[in-house]
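Asker: Hey, can you work out the whole structure from these sequences and the hints?
Heads up: the protein sequence lines correspond to chains A and B, in order.
So the first sequence is numbered by the numbering used here: it starts at 1 and just counts up by one.
So the second sequence is numbered by the numbering used here: it starts at 1 and just counts up by one.
What the hints contain is simulated information worked out from the structure, not anything from laboratory work.
Just to be clear, a hint being listed does not mean it is correct.
[To be verified] Under the rule of at most 16 Å between Cα atoms (straight-line distance), these lysine to aspartate or glutamate pairs were calculated in the EDC-like manner: (1) K347/A to D302/B; (2) K464/A to D302/B; (3) K429/A to D419/A.
[As the list claims (entries may be wrong)] Pulled a few chain B residues facing chain A out of the computed Cβ check, cut under 7 Å: (4) V89; (5) A91; (6) F287; (7) G290; (8) P291; (9) H322; (10) R404.
Every residue, glycine too, gets a C-beta built ideally from N, C-alpha and C.
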Amino acid sequence: MLRTRLRAPWSRYVLALALIAGPGLLGCGSTSAAKGGDDAKAEGEDGPKGLEPLEERAHAVVEAPPPPASEAFTLRGGVVMTATGHRWDPGYVVVENGRIAAVGEGEPPSRVGRVVDVSGHVVTPGLIDVHSHLGVYPQPSVGAHMDGNEATSPNTAGVWAEHGFWPEDPGLERASAGGITTLEILPGSANLIGGRGVILHLRPMRSARAMRFPGAPDTVKMACGENPKRVYGRKGSAPMTRMGNGRGFRAAFAAARAWLEENRDKPVAKVKRDLEMETLAGVLTGRILVQVHCYRADDMLTFLQVADEFGISVRAFHHALEAYKIRDVLAARKIGVATWADWWGFKMEAYDGIPENLALVDEAGGRAIVHSDSPEGIQRLNQEAAKGLASGRAAGVSLDEDKALRWITANPAWALGVDAEVGTLEVGKRADLVVWTGKTPFSVYAVAEQTYVDGVLVHDARVKDAAPWSDFEKGQGVGL
Amino acid sequence: MVAGLALLTAPLAARAAAPAAEECTVLVGGRVFDGARWLDGAPTVVLEGGRVRAVGGAAPPGCRVVEVAGKMVTPGLVDAATQIGLVEVPAEGATVDLDLRAEFQDGEHLVRASVRPDFAYNPRSAVIPVTRLGGVTSALVVPRGGVVAGSSFLVDLAGERQSDAIERTLVAMHASVAGGDGSRASALEVLRVALAEATRYDREKAAFEANRTRALLLPWVELAALAPVARGEEPLAVHVDRASDIEGILRFAEGTKLRLLIFGGAEAWLVKDLLKARGVGVVTYPFADGPDGFDRVFARPDNARILDEAGVSVAIASFDAHASRKLRQLAGNAVRAGLAGESGLAAITSRPAALLGLRDRGVLRAGAVANVVVWSGDPLEVTTLAERVFVHGREMPRESRQTRLRDAYRRLPARDGAGAAAP
Chain A
1 MLRTRLRAPW SRYVLALALI AGPGLLGCGS TSAAKGGDDA KAEGEDGPKG LEPLEERAHA
61 VVEAPPPPAS EAFTLRGGVV MTATGHRWDP GYVVVENGRI AAVGEGEPPS RVGRVVDVSG
121 HVVTPGLIDV HSHLGVYPQP SVGAHMDGNE ATSPNTAGVW AEHGFWPEDP GLERASAGGI
181 TTLEILPGSA NLIGGRGVIL HLRPMRSARA MRFPGAPDTV KMACGENPKR VYGRKGSAPM
241 TRMGNGRGFR AAFAAARAWL EENRDKPVAK VKRDLEMETL AGVLTGRILV QVHCYRADDM
301 LTFLQVADEF GISVRAFHHA LEAYKIRDVL AARKIGVATW ADWWGFKMEA YDGIPENLAL
361 VDEAGGRAIV HSDSPEGIQR LNQEAAKGLA SGRAAGVSLD EDKALRWITA NPAWALGVDA
421 EVGTLEVGKR ADLVVWTGKT PFSVYAVAEQ TYVDGVLVHD ARVKDAAPWS DFEKGQGVGL
Chain B
1 MVAGLALLTA PLAARAAAPA AEECTVLVGG RVFDGARWLD GAPTVVLEGG RVRAVGGAAP
61 PGCRVVEVAG KMVTPGLVDA ATQIGLVEVP AEGATVDLDL RAEFQDGEHL VRASVRPDFA
121 YNPRSAVIPV TRLGGVTSAL VVPRGGVVAG SSFLVDLAGE RQSDAIERTL VAMHASVAGG
181 DGSRASALEV LRVALAEATR YDREKAAFEA NRTRALLLPW VELAALAPVA RGEEPLAVHV
241 DRASDIEGIL RFAEGTKLRL LIFGGAEAWL VKDLLKARGV GVVTYPFADG PDGFDRVFAR
301 PDNARILDEA GVSVAIASFD AHASRKLRQL AGNAVRAGLA GESGLAAITS RPAALLGLRD
361 RGVLRAGAVA NVVVWSGDPL EVTTLAERVF VHGREMPRES RQTRLRDAYR RLPARDGAGA
421 AAP
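Answerer: Take a look at the structure:
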């Protein structure tokens, strides 16, 4: 934290302003925040105590998300893959009130709602991408749209991807057309601690806040290895080396620990507002899930050593091209491994990537996850998983399609803390579904024909020339 | 003494022995794609002396017979735009040799026609075996930078020596007119002036040597390198995406001898009629992010389909080094977007070869270079593997730096503390 202020002297000024303006502003939002308050212990003589009320105010809703679909419907006739070990041919899925009311083999026991025949298709859970910069590096990729890296300080834990997210990114509709229903938008990797990520439920809305996945935790993006030391080293400032990376993390975590002890039991009005510290306090209390960009095996182990020192859990390593070298450690610690099938070699820390990484992590009992980190890759996460599946099988790893399906559904749902709600086809879960053309989603030819979020059909490939989601695309080439 | 020598040379000898040339190999029982279409039945494919001797007919005696029933046999894939052998690690400048600037060029290094990038080609790059395991056996290696980036060269992905791998130099001269700070009109004018001066230099070489010409704006070495382009002998490959840039280039080239190719061409579908009328082929990249820049507002995933159906010759390329192995996935996605299956496969075999003037690659017919891949299934399918790869008739080892890493970590060594519980 000290370092942050040295890097960005203006942050003192901003914080001072926030403190001055704080009480009045907070007062305005208190009604909505109080509604969500459920922690009786936090109520003290001086009003609510601790950090939770502050978090609630920061997460207040401006525009309510849409209600789930009220229309009930049944998908029947197609293959149903649940990501829980079942492949029913045929199977059925019954959706009521935006949730899965029934799922099983054969014909549905009773016909509920509209019946949609999906013979010749495959139904899977909606796909989940744990690593996207859609909206913060939106298309068109122009200077004005570079909102993903607050590369002004190696610790910008106080920035939120949500605040930089442009909901008109044309990539969002294309992701939906690839079967994505939930995605995590992360800050970039210029900084050691890049800021908070946001988990979105993918449908066209007017703001990130309205797209937020209901009840999903916040996440924080951290980055080890080459990027932070390159970005800051080039400016002649820290970190310039991996040693500097290590010190940067430790200094930030130590400061956060001290700040948390000092502020956690104070009345809200007396909390010393500090946005970097508030995010890191959420990390220390486990409220915020830690997502770490890290390629090399030794970098991951170093990060774990630092995390252990401060009692921090890593939810998932992202990119993690060398996870296969330490898959025993990662599996034992239940740390997710989010990676690609065959991106490699673009920098030194990516030089040891192998296409069997996913399969080897899975075989070791780890949580393998396919992520995109790309507006192109997010359109075909199923193909990426298919490549990982084929490479793994060729290497003698015993894998089936259900396992590979989990790499893009159940496992990423877990990494984002939303696995109770989505990621598998199970009764009670949100009806986030994809209907694929063909016999398997693990084909280059498979098209996500229908994508449902909360039981609402948000993408339908059968409809040609539908108006684009994005305002940027509306009217381009018109009037010639 | 003999034994000692053998020991000394063992590592090298072992490496050389692995891809030992086979006099004659016959692939029997597979389905065969000849570069344009899937042939009826399961014709035998005979490879002899580094060439395809025959497709169909009886297997000649004395050849090694490789049973490939249930497999698919295609020409080795041809990636018409790569950086293979000029880039080892893109983020490490010292390993990147794509930028052909030199002191003797114009001050801004806008015209870099003369530098021969093939002299920098590294046949020992770790990228090569990785790419070959993806079924790619030939690659056009393309420099980048400036308005005129330089000439590309063609390699086959085998061999320990530059001379083994480099098959053809000066395949095409590459240029780009968009993406700089200045107007693309200025870039086009640089190109026009360069070609005009090259023509003049070519015509008045004697006068130039006698120092009897007006001063030229560009150095003579660049003009000499551009002369074959101006004469229409070496194609001019223009890297542009925006439809209006293609229109600009086509207008610019009217009445000249230029043999144009469009590389990129994300919006080429908008001007398919012009491309068809002028007989200009397109080497494209079918993974459209979307409108990821104002040069690609109208990019669409079925660009290749639209061009193909309009009769424009379209090839698909990776435009990368490390991702060249994804070439067939690129083509597969173009097919997913509506391109006919055989056109998709042709777009990474015979079409790029034809566009680049290579008659003996990307095809399986008597006389073609014996670059052949045996696939476990549909070559465009992501779960299919290239099971056997032949380059110049030699079956290449199924090894790369990546397979070695995989094998080294197939079983993790037991280590004290490994798997310790989280705190």
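Asker: Of the hints given before, which are not true for this structure?
Answerer: 1, 10
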